[in-house]
Structures are given as C-alpha cells and as structure tokens.
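Each protein sequence line maps, in turn, to chains A and B.
According to the working numbering, the residues represented by the first sequence are -6 to 296, in order.
According to the working numbering, the residues represented by the second sequence are 8 to 129, in order.
Rather than coming from a laboratory, the hints here were simulated on the basis of the structure.
There may be inaccurate statements among the hints.
[Stated by the list, open to error] Cut-off 20 Å, straight-line C-alpha distance, at most; resulting in silico cross-link-like pairs (SDA-like, lysine to any residue): (1) A/Lys225 with B/Lys16; (2) B/Lys30 with A/Ala283; (3) B/Lys30 with A/Leu155; (4) A/Lys58 with B/His83; (5) A/Lys58 with B/His48; (6) B/Lys49 with A/Leu59; (7) B/Lys49 with A/Pro149; (8) A/Lys4 with A/Met33; (9) B/Lys49 with A/Glu287; (10) B/Lys30 with A/Glu87; (11) A/Lys56 with B/Lys97; (12) A/Lys225 with B/Lys30; (13) B/Lys49 with A/Pro224; (14) B/Lys30 with A/Leu226; (15) B/Lys97 with A/Val69; (16) B/Lys30 with A/Asp67; (17) B/Lys30 with A/Pro149; (18) A/Lys84 with B/Gly27; (19) B/Lys30 with A/Lys244; (20) B/Lys49 with A/Gln25; (21) B/Lys49 with A/Glu87; (22) B/Lys30 with A/Glu14; (23) B/Lys97 with A/Ser152; (24) B/Lys49 with A/Val69; (25) A/Lys225 with B/Leu105; (26) B/Lys97 with A/Gly168; (27) B/Lys30 with A/Leu28; (28) A/Lys244 with B/Leu119; (29) B/Lys97 with A/Glu160; (30) B/Lys30 with A/Gly168; (31) B/Lys97 with A/Gln88; (32) A/Lys58 with B/Ile112; (33) B/Lys97 with A/Trp279; (34) B/Lys30 with A/Ser152; (35) B/Lys16 with A/Gly291.
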Amino acid sequence: MTYEEKSQAFKARIDAGERIEAGEWMPDEYRQAALKFIEMHANSEVMGALPEREWIPRAPTLKRKLSLTAKVQDEVGHGQILYRVAEDLGKTREQMFDDLVNGRTKFHNVFHYPTYTWGDVAVIGWLIDGAALVNQKALLDSSYMPYVRAMRRICPEESLHLRHGEELVLELVSGTPVQRQMFQDAVDRWWQPIMHFFGPPSKKKDMLLYWGIKTRTNESLRQEFFSTYVPKLWDVGISVPDPILAWNDDKGEWDWSEPDWDEFWQVVRGNGPMTGVRLAYRKAMWDTHAWVREIFAGIPEAA
Amino acid sequence: MPIWDVYGKRKPDDAFEWAGSIKASDLEMALVLARETHFRHKEGVAYAVRRHGESGDGELHVAPYPADVLGGVTDHSYRRQEAYAGVGGKHRRVSAMLAERGLVIDRPRPPLGRGTESARSG
C-alpha cells in the first residue's frame, strides 16, 4: 500500500469510530496534530498551577489552604500524565519542557493573566475549571485512545476541583457586599479571557476535527458552557459583562458578543500580562532542579 | 529511561487493573512516582508496577504499603469529592436567599436541561 492509501484507510477507520493506539501506524499529519494538541494541554496543566499557587500563602483559612495545595498538586500531576501520553508520539519530555520554558510552545490563554484577589481564585476554581471540564469531557470521545484514558483519569479530579470552586463562590456571593463585589469584579475581569479560552469559531477544515482528535467545535463547547454556568451566575445575582448575552429560543442557542480576538492572539503568542513572569519562574525551577533530574535518571555505572 | 506500567486494585479481592504508565530509572523510583502520580486520592488499596515491553522481566512488583496507608495516614478528605458533597443543594439555598433580597438576574435562559450537548443528543 502507498502512503496515501494507508492514510485513507486510517481516516476511514477514524470516521467509522475506531480508536487509535499508541504503537500503531499513523499518518505524520495525525501524529503531529495529536502531539501538538496534547503537549499544549500538558503545558497548560503545568502553567495553570501557577496562578493558584500564588494564593496558597494567602488563602483565608487552613481548609482553603489545604484544598488549594491539593489542587495545585493535581494540576501538576495531570501535566505528568499528559506528557507521558505525548512522549509516546515521539518527543521527549525534556524537549517539551525546554520548549515550554523558552517560549517555543504554547499554553492556554487564561494562564497568562494575573490574579489580583481571592475573587480571581474563585473564578479560576469554578468558571475556568468549568470551561476546562466542558472541553475535557468532550475529549473522552477522542480518536486517540491513550489520550482518552488520560481524560478518564483526569476528569473526575477536575470535577472535584469544580465543586471546591463552586463552594468557594457560594461563600463569597452569600457574604458581605464587599465579598460579593470582589467576585463580581473578578467575573468582569475574566469574562473575555474565558470567551477566548474556547477559541475562535472552528474553521471548515480543522485538522483536529478532521482526525477526530477533537470531536466538537469550539462554538458548540462555548454554547454548552453558557447553558451550564450563566444561569447559575444569574441565580446568585452575578452579572456577565456582555449586554446581549441571553438564550435565543428561536435559534435554540445563546446570543453573545464576539470578543476582541486580537488580544487572544497576542496572549497565546506569548505577549500576555503575566507570560514573562510565569515562564521565568518555570525556567528558574527547571534550571535549578537539573541536579534532581540527574539523580532521578540514575547514576551511570563506572566504566 | 524505562517505562513502567502501573496497576491498582480498588478492593482487596479485585485483580490488578492497568492504571497508567510512568518513566523511572529503577524499581524504587517507579514505586514512588507511581504512588505520587496515580494513588494520591485513595484510588485503591494496593498498587504495583511492571517494566513495560520486552526489556522487562515481566515481574509484577507490588508496593509495600498497607491499604490504610496508601493515600495518606491523616485526614486527606479535602482531596476527594466527598468533602464537597451537597454543593448543588447549597447553590439552591443561596439562590433562594438572594432571590428574597431581589438580587437574582432575570434574563432569557434555556429551559431546564436544554442547551447542552447531552440534552441535544438525548
């Protein structure tokens, strides 16, 4: 069989709903698309731990401090699981980390922003984790089976984070006017980055959709996020900074305002407000911990 | 660096089931990393590792931890769902309280259960 014929047969398998395993033959296009996507996901878990990590010393109670610490550990653990999946697609973990800390690869836009108040921690814990969970649950249908298994492991932990985040939000919104305002301000700050998080409307030929690595469009995931979270926000008297956001019963979907996509592209290309600070932190850790990795790798036997 | 498959069992009389894989230089490190990556939240009562592929001896190495030690000896319930049970009910109570204060925002929203993919396909 020629490469093209093998490629077509592979595509036919995916269209028939078959799943691909790690050691199998796959077209270069598939391998590259899956690797890039999963590597970016892993990067985002590792970088996503940082905005919350900044709040561990400032958490208001011991209970919150423990929960936040455990959550940060979980996110880094998800990074480890996902790098393991990505490694089998042909790039070493060392290379992936080196590319990340030197700004050669991407991570999710939302982790390029600062966290000013405890309200930001509440938004991350509930709405950003909620947005991530909408995405990750959709990945349970991915065509790449090792990735699906990683998601089966990660999704239950994310839903635990989500409950913690929601509980935190309920505490703020049922509190004093100052606490309510703190959360409202954070929602106002984060709304556009959350809209960006789902990405621009998917293109007609999106390689990830074509190969079944993703199975749902950015738009359908964003709509699901609205249906799941916006009514809950309104129920607790928190508004969303989009004047036209409302369910349109005729269309059977939400009307919403397209955000400024220029800012999105600026941010994901590494020009976000906190990109430099967070990458510098990761790079410093990567460099100063080189000796730990050497020990983990085992001391070579004497010649 | 060698790859190790990680196995776990939920109950003492279960068989070991594949839980994931890790990379580690030797057995000792493999047992540490397997525990930290896959068994932090009381996922089971025992776990084991085995060298992946043909390079290994095929032997299953069971970790030397009693069931009650795996996942921590102090109260780590904050790492698990059970610590946050009842959040849905709490949301309804808070909403009802805020409705009395006239704070609920009334804008068009989908009928209950509509507007999500699971609802659409159902």
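Hints violated by the structure (listed by number, smallest first): Violated hints: 1, 3, 8, 9, 12, 13, 14, 15, 17, 19, 20, 21, 30, 31, 32, 33, 34, 35; rest satisfied.
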